[in-house]
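**Student:** These are the residues of each chain, in order.
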Amino acid sequence: MNANPKGAAEDLADVARVLAGEARAFEGIVRRWQGPLINMAWRYCRDRGRAEELAQEAFIRAWRGLAAWRRESSFSTWLFALAANVFRSELKRFPTVNLPIEDISEPAEPAGQLVEAVERERYEVVRSAVLALPMRYREPVILFYFHEMDVSAAARTLGMPEGTLKARLSRARSLLAQRFPHLKNEVAPAKFAGKAV
Amino acid sequence: MTSEPETTNDAQSRSEKIEKILAREEELIPSSGFLASVMERIEDEVVAPPPIPFPWKRAVPGMTLAACVFGWGAVELVRIGVPAATRFSLPAIHVTAAFTRPVEQAGWVALALGVSLISWLVSKRMAGRSGLL
Chain H
329 MNANPKGAAE DLADVARVLA GEARAFEGIV RRWQGPLINM AWRYCRDRGR AEELAQEAFI
389 RAWRGLAAWR RESSFSTWLF ALAANVFRSE LKRFPTVNLP IEDISEPAEP AGQLVEAVER
449 ERYEVVRSAV LALPMRYREP VILFYFHEMD VSAAARTLGM PEGTLKARLS RARSLLAQRF
509 PHLKNEVAPA KFAGKAV
Chain R
444 MTSEPETTND AQSRSEKIEK ILAREEELIP SSGFLASVME RIEDEVVAPP PIPFPWKRAV
504 PGMTLAACVF GWGAVELVRI GVPAATRFSL PAIHVTAAFT RPVEQAGWVA LALGVSLISW
564 LVSKRMAGRS GLL
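Which chain is which? The protein sequence lines are H and R, in order.
Sequential numbering from 329 applies to the first sequence in my numbering.
Sequential numbering from 444 applies to the second sequence in my numbering.
Derived from the structure by calculation, the hints contain no laboratory data.
A few of these clues could be false.
One-sided excerpt, in silico: chain H residues whose CB lies under 8 angstroms from chain R [said to hold, decoys possible]:
no., residue
1, Gly363
2, Met463
3, Arg466
Using C-beta positions, here's what the derived DEER-type ranges look like [claimed, not checked]:
no., chain 1, residue 1, chain 2, residue 2, range
4, R, Ser474, H, Arg399, 25 to 33 angstroms
5, H, Arg352, R, Thr507, 44 to 52 angstroms
6, R, Asp453, H, Val443, 19 to 27 angstroms
7, R, Pro496, H, Glu400, 25 to 33 angstroms
8, R, Ser474, H, Glu452, 53 to 61 angstroms
9, R, Val490, H, Arg389, 50 to 58 angstroms
10, R, Ser456, H, Thr492, 22 to 30 angstroms
11, H, Pro489, R, Glu470, 38 to 46 angstroms
12, H, Glu449, R, Val490, 30 to 38 angstroms
13, R, Leu471, H, Val443, 48 to 56 angstroms
14, H, Gly356, R, Val503, 28 to 36 angstroms
15, R, Asp453, H, Ile388, 44 to 52 angstroms
16, R, Val489, H, Ala445, 24 to 32 angstroms
These numbers come from a predicted model, not from an experiment.
For each residue, glycine too, the CB sits at the ideal point set by N, CA and C.
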């Protein structure tokens, strides 16, 4: 999510300034990471307002724990791992209302000019179904796609071996495929073919 | 003969479709006030007084004393309780004696209830006068 070396250097500089007592330097960190953190939180709850609240809470925790970052991993890895912990614990305290995966029905076939709108709605149902997966499968799916299908980045964020993550992804995919038996792929996405695990 | 390969193809097609849907997520743009609200909270944290440290100097003597008392109690319990437990036997209950004075016992119960009632009424009246109720 952040392979930009300039961004990484800016993160380091801002962290050093914050730790030296310059609180305003944290603004640079928030400015750079607000988009990714809100989008990550969105994938956890699919509620825009809640996603911003969760991202804000993650930034506050990062501010409080900045001195604990040991620089063994990149700042982004540390921030995403911290954010994942915050989102998980906050959503455990105040869960979003999710249907069990068994209760999610596949939308009907679209017809006529409504095809595009219905397709969009259908896609959203599939994405929402991820939130109905058990937590052990849900988080690998959320983070794998958030990290643009980078298994090692998702595994680092979750603090689990890549093999475990791959196994859980595979199980999650089969659960979703069972739930949506009528989904068909019109054109195989060549872009993702090489990256799939 | 042809149903098996079709099923496999369908499953693969479904998986690819799901992969495609999940990979294509629209990106949210942070709301205009998000950065300001985070920095506002950070500034609140900066000016907030530091948390009050736990008063270890005052607590340690009390905690030590409590630990000593509990430790001594446990030692005494074992010292006295274990020999007593070996000699313990259940007393024989005389059922006939238990039913001989029921009226007398009922009187004591009634008296206790009466005292409780009076106590409750007096306290309620006093609380009412002082404006608490």
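**Student:** All hints are to be evaluated individually against the structure, with a verdict given for each.
**Tutor:** Verification of the hints:
no.: 1; hint: Gly363; verdict: holds (6 angstroms)
no.: 2; hint: Met463; verdict: violated (17 angstroms)
no.: 3; hint: Arg466; verdict: violated (12 angstroms)
no.: 4; hint: R:Ser474 / H:Arg399: 25 to 33 angstroms; verdict: holds (32 angstroms)
no.: 5; hint: H:Arg352 / R:Thr507: 44 to 52 angstroms; verdict: holds (47 angstroms)
no.: 6; hint: R:Asp453 / H:Val443: 19 to 27 angstroms; verdict: holds (21 angstroms)
no.: 7; hint: R:Pro496 / H:Glu400: 25 to 33 angstroms; verdict: holds (30 angstroms)
no.: 8; hint: R:Ser474 / H:Glu452: 53 to 61 angstroms; verdict: violated (21 angstroms)
no.: 9; hint: R:Val490 / H:Arg389: 50 to 58 angstroms; verdict: violated (19 angstroms)
no.: 10; hint: R:Ser456 / H:Thr492: 22 to 30 angstroms; verdict: holds (27 angstroms)
no.: 11; hint: H:Pro489 / R:Glu470: 38 to 46 angstroms; verdict: violated (30 angstroms)
no.: 12; hint: H:Glu449 / R:Val490: 30 to 38 angstroms; verdict: violated (47 angstroms)
no.: 13; hint: R:Leu471 / H:Val443: 48 to 56 angstroms; verdict: violated (25 angstroms)
no.: 14; hint: H:Gly356 / R:Val503: 28 to 36 angstroms; verdict: violated (44 angstroms)
no.: 15; hint: R:Asp453 / H:Ile388: 44 to 52 angstroms; verdict: holds (47 angstroms)
no.: 16; hint: R:Val489 / H:Ala445: 24 to 32 angstroms; verdict: violated (48 angstroms)
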